[in-house]
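Sequence lines, in order, name chains A and B. For the first sequence, position 302 (counting from the first letter as 1) is numbered 302 according to my numbering, and the numbering increases by one without interruption. Position in the second sequence (first residue = 1) + 429 = my numbering.
Hints were generated in silico from the structure; no laboratory data involved. Even glycine gets a Cβ: it sits at the ideal position worked out from N, Cα and C. Treat the hints with care, since some could be wrong.
Unchecked claim - Beta-carbon label-pair distances, calculated as ranges:
#	chain 1	residue 1	chain 2	residue 2	range
1	A	185	B	669	45 to 51 Å
2	B	613	A	383	48 to 54 Å
3	B	660	A	378	36 to 42 Å
4	A	241	B	614	17 to 23 Å
5	A	342	B	698	37 to 43 Å
Stated by the list, open to error - Chain A is nowhere near these chain B residues, computed Cβ spacing over 12 Å in every case:
#	residue
6	497
7	752
8	762
Chain by chain, the residues run as shown.
2 protein chains.
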Amino acid sequence: MAVKIGLVGTGTVGGGCIDIIKAHKEEFLRHYGIDIELVAVSSLNPEQAAAHGVSKLFTPDFMNIINDPDIDIVIELIGGTTVAHTVVTEALKAGKNVVTANKALMATYGVEIMELAREQHKELAFEASVGGGIPIIGPLKHSLIANKITQIMGIVNGTTNYMLTRMDEAGLSYDEALAEAQANGFAEANPSADVDGFDAAAKIAILASIAFNTNVSMDQVYTEGIRDLSAIDMATAKELGYALKLLAIANLKEDGVEVRVHPTMLPLEHQLAQVKGVFNAIWCVGDFVGETMYFGEGAGAGAAASAVMGDVLEVARHVQQGILPMSGNTTKDELEIIPMDELSTKYYLHLVVHDQAGVLAKSAAIFANYGVSISAMMQKGKQHNGAVDLVYITHHASEKAIRQAVEDIVFTEGILANNTRPVVIRVQE
Amino acid sequence: MAVKIGLVGTGTVGGGCIDIIKAHKEEFLRHYGIDIELVAVSSLNPEQAAAHGVSKLFTPDFMNIINDPDIDIVIELIGGTTVAHTVVTEALKAGKNVVTANKALMATYGVEIMELAREQHKELAFEASVGGGIPIIGPLKHSLIANKITQIMGIVNGTTNYMLTRMDEAGLSYDEALAEAQANGFAEANPSADVDGFDAAAKIAILASIAFNTNVSMDQVYTEGIRDLSAIDMATAKELGYALKLLAIANLKEDGVEVRVHPTMLPLEHQLAQVKGVFNAIWCVGDFVGETMYFGEGAGAGAAASAVMGDVLEVARHVQQGILPMSGNTTKDELEIIPMDELSTKYYLHLVVHDQAGVLAKSAAIFANYGVSISAMMQKGKQHNGAVDLVYITHHASEKAIRQAVEDIVFTEGILANNTRPVVIRVQE
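Extracted from the complex, chain A is given alone in its bound form (with noise of 0.2 Å):
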């Protein structure tokens, strides 16, 4: 008896899954022995459910799914935290398995719905939550168990790599970027989950809870975006060999979890450097293992329900077999999150100074009070306005010591000009 699905959502994704189950629901049986059946579609768009062919399925309510006795799973594909918590809770209670492509919900009540799963005896499967069509959840949960994962670092919002790729190869300014990005359907009328990285946040709140074994959530990660880079940075990055990306990094250490979005230069020679456009890539360095990244398309409607569809497939093929769950909630370690105060890394300045003499002596004595070692510095472009652009690279620094030294930039008389405000970016070696 065929294993029967109830899908909630019916927009990009889900419509995706329903084109999924129609192309290749005889050959999941054939190969795989998996036998599924859509039995219900619910959204607030009938219209949609009738572009795909599925208008007998539909119906108003959700409940309507949750409470057949017949549905084995359910698929939450709406989005958000509020109506999509209640689908995903109500769904568990009522004894179905749940799959769901929902970062923002597994990001911030990940664990109290991965225990509600757990005291239910059901699955739930999350591929889709981040990379998008790329496999990364399967592997951290199977394939690489063997090892202790120590970093897991990746560009995962399509949105703002297509926007810094644009910026890198076009010189194109931010503004341009973004307007082109949404011209193209790749970034929404208001852009902020994308550029001021809340989406990659919630992305690497769930990496770093499965890779590490303990809880993040999104409201602990350290979260930058993209708004203040400018083509001179994009510029300089590339002639000093780096590449400029919006990067969600997390790093075990001894003492607990780093865990970060914001713009990172990076060498050109890394994997990741090489990855444009709309594409996410995932890096993810085992004791054992060592470097592996994962690449692929991170949105669309094929390949976030190809990533839908291959949990359903596997949670299909446990329920037809009787199996139960078998990882279960894995994130019960309970690591510290270190503050960002303590990170410790190399950074990128970029000031707009007086083009006066002093302006050096003075910013180079803030430096050497804040014990920040500097280990290159160079002029760019030309003066303009009296002003000109420094950049300084420095050694390793602590993020408080940074934060200070620019606090005592900006309020010195005399450096900065126009009014402008320090740039600082951070340097993955």
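Given the structure of chain A, go ahead and fit chain B onto it with the hints provided.
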């Protein structure tokens, strides 16, 4: 009660497995509830077991492991297709689950062994047989199964990738690159399995079998190595915007499976072109997921042991929970292998010809005669001993036409100089 493991083979990878168990046994239990215990070790070298501190578990006869009723999982790491075949089949017949890293065995006797495992209701896992530590069999058997996979293509031999990287970046000749690889321990004294492409052929046979759900054995893979590549071809490739890589390629076509290993010119901006040194990467295209890539260390104790132990832990999880094998032999479709003659691609042809009037006309007439259309022709380097290097790039042509044209060129008087053979390299777009 712990799941009991017997290890046959204590070389590099076997040693890595012992190290992983020692390092992380306690975490496997705490994080995943998986309780494993290494109870027996066998090989021809008791001193290797001693070096890893497991002398007490050593037995010189692997049949003691196979006949031990307490052992649940046998790890086969002796390699080759003779004794290893006995170890694997006898272990399955004795009711053990088997984990192996043996590419030659799986690429030669894969179907027989998978069928035996199915009949015995036991698991057979072989992630480490392809791509070292890179999770690829796992993703193909789980996360990606919602897709029809249409292409799988990879750099799956680290030795040759190291050599080609050194030829490219340091301008080494083939012989110099081989000597250096041997000095660094990346190539065997007899390098044939690597440089002639057989290692890569075994791996692509396994990947094609799993990705396309059919049976491909390594003797069905068209295989060409890198012995004929020269500095002039490396340099010309780069000038034309290509990297020269030994690629293993499998394509699913309307009329069957195309599967081959040969030096390939790949656009420099392709993700695979960026993979350097001993690293491996596998490119996989699915109808919904689109383009994905998996990158990591293709060899080495830690990486391969990570893959072996990932399999061991997964099987142990099933043993603990009394779960029968879930996927079985999925290679049951009987797809045709498309004859190499029917390949259609672009070609790079490098001829050393007499520097005389009429030579161009003669070769052009031969290409025209076989319907091979030329997209570019250039003279490389200087005239030497009355000869010059000519490079042609063709439009799409059939392998058969190219071979016929090349044979005609070889046997036509007055074209090729100095008894040279044309160099033919396929171009991947």
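Consistency of the hints with the structure:
1. Take residue 185 of chain A and residue 669 of chain B: their Cβ atoms lie about 34 Å apart, and the range 45 to 51 Å is violated.
2. Our hint of 48 to 54 Å for residue 613 of chain B and residue 383 of chain A holds, since their Cβ atoms are close to 51 Å apart.
3. In this structure, residue 660 of chain B and residue 378 of chain A meet the distance hint of 36 to 42 Å, their C-beta atoms being roughly 37 Å apart.
4. The hinted range of 17 to 23 Å is not satisfied by residue 241 of chain A and residue 614 of chain B, whose Cβ atoms lie roughly 30 Å apart.
5. At roughly 39 Å, the beta carbons of residue 342 of chain A and residue 698 of chain B sit within the given window of 37 to 43 Å.
6. No beta-carbon of chain A comes within 12 Å of the beta-carbon of residue 497 of chain B; the shortest separation is about 23 Å.
7. Listed as outside the interface, residue 752 of chain B is inconsistent with that label: its C-beta sits roughly 5 Å from the nearest C-beta of chain A, within the 12 Å cut-off.
8. With a minimum CB-CB distance of about 8 Å to chain A, residue 762 of chain B fails to clear the 12 Å threshold, and the non-interface call is violated.
Hint check: violations occur at hints 1, 4, 7 and 8; the rest are consistent with the structure.
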